[in-house]
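Participant: What follows is the residue order along each chain.
Protein chains: 2
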Amino acid sequence: MREAERADWAAIWPFFREIVRAGETYAYEPDMSEEEARALWMVGPPGRTTVAEAADGAVAGTANMYANRPGRGSHVASASFMVDPRSWARGVGRALGEDMIAWARRVGFRAIQFNAVVETNERAVALWRSLGFDVVGTVPEAFNHPEHGYVGLHVMHRRL
Amino acid sequence: MREAERADWAAIWPFFREIVRAGETYAYEPDMSEEEARALWMVGPPGRTTVAEAADGAVAGTANMYANRPGRGSHVASASFMVDPRSWARGVGRALGEDMIAWARRVGFRAIQFNAVVETNERAVALWRSLGFDVVGTVPEAFNHPEHGYVGLHVMHRRL
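Taken in order, these protein sequences are the chains called A and B.
The C-terminal position of the first sequence is numbered 160 in our numbering, with every residue numbered one higher than the one before it.
The C-terminal position of the second sequence is numbered 160 in our numbering, with every residue numbered one higher than the one before it.
Hints may contain errors.
[Said to hold, decoys possible] Stretch-level coverage of chain B by chain A, calculated; a stretch enters the list once three of its residues show a Cβ under 8 angstroms from a Cβ in chain A:
#1 44–56
#2 67–75
#3 93–103
[What the hints assert, rightly or not] Chain A stretches covered by chain B per the calculated footprint, using a threshold of three residues with CB under 8 angstroms from any CB of chain B:
#4 12–18
#5 135–142
Quick caveat, the hints were computed from the structure, so don't treat them as lab data.
Glycine included, every Cβ here is placed at the ideal spot set by N, Cα and C.
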C-alpha cells in the first residue's frame, strides 16, 4: 500500500477502463475519456489516492478518498475502489479498505459513507460488512446492471 | 411556476445565501462565492432550473433537477429546492415539488432520489412524504446542524 503518484495512472487506466466498460459496479459515464477518468480518480489533497502493489511491484488496485460532502457534511468520508480483475481474491480490496479506514480515522473524520454499492456486487458488500460497514438503506432499482437489469444501490456506513 | 432565466439569479441569490449561511438544510460550502453558487444552482439542459413566482411576480422559490448519477444510474432523477423564508408556508415548496415530479416523469426518469434531506427539516420531510416519497434509509449523524448538533440525513425515494 502506498500513495499514488502521477506516473501510476498509466497502470490504473487499463483496468479502470475495463471495469467501467463492464458496467457492473460503477455508475460512471461509460464513454469517459482517459483525461476525464484521470481527473475523476487521481484526487489530490485534502483527498488522497492510493495504490496496492502486487509482489512483483505491479499496481493491483487503487482507491481514492475524500469528504463525502462539503460544509456541514464534511466530517463524513467516502471512497471508491478498483481492483484489477487479474488480482481478485488476493486480499487487495481488503488492504485498500483497511488503509482507507485508517486514513479517515487519522485525518479526523467521524464516519465513512459509501453512497452507491451495487447490491449484486456481493464480493464488495461482503468485504465492507466484514470491515464494519452496515447497509443503512437500499435505493431500489437505482442501477441498470447489464446482466441483472435494475438492481438496488446500497448506502453503506461505518462509524470511526 | 416557470423555467428560470439567467436574469432570475439576482432574485435567487439573496435567499440562497441566507439559507446556506443559516446552515440548517444544505451541506454546501458555507463561504461559497456568488459565482460558485450560480454555477451550482443554474443548471442547464439536460437538467433544468425553475422558479416559483409570488402573486406580485417576485421569485418566491427555486428548484433545480438533473440525473442523480451518470451512466447506469441515469434513470433516477434528483433535485434541490430553496424557498425564500419570507414565502414559507404558502405552498411554494409543494408547487416546486409537484412540477419537478411532473418534469421527471415527462423526461422519462423511472424514479426520484433525494440524497441528503436533513432529518430535523421536518417541513421538507413532511412535504416529500405527502408527495409520495419514502425514507429509504437515514445516515446517522451525517449533518452538523448549528443548533441540534449531529443529525441524520435521509435518503428519500419515489418511483414514477
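Participant: Could you run down the list of hints and mark each one as holding or not?
Facilitator: Status of each hint after checking the structure:
no.	hint	verdict
1	44–56	violated (count 0)
2	67–75	holds (count 8)
3	93–103	violated (count 0)
4	12–18	violated (count 0)
5	135–142	holds (count 8)
Violation of the numbered hints given earlier is confined to hints 1, 3, 4; the remaining hints are satisfied by the structure.
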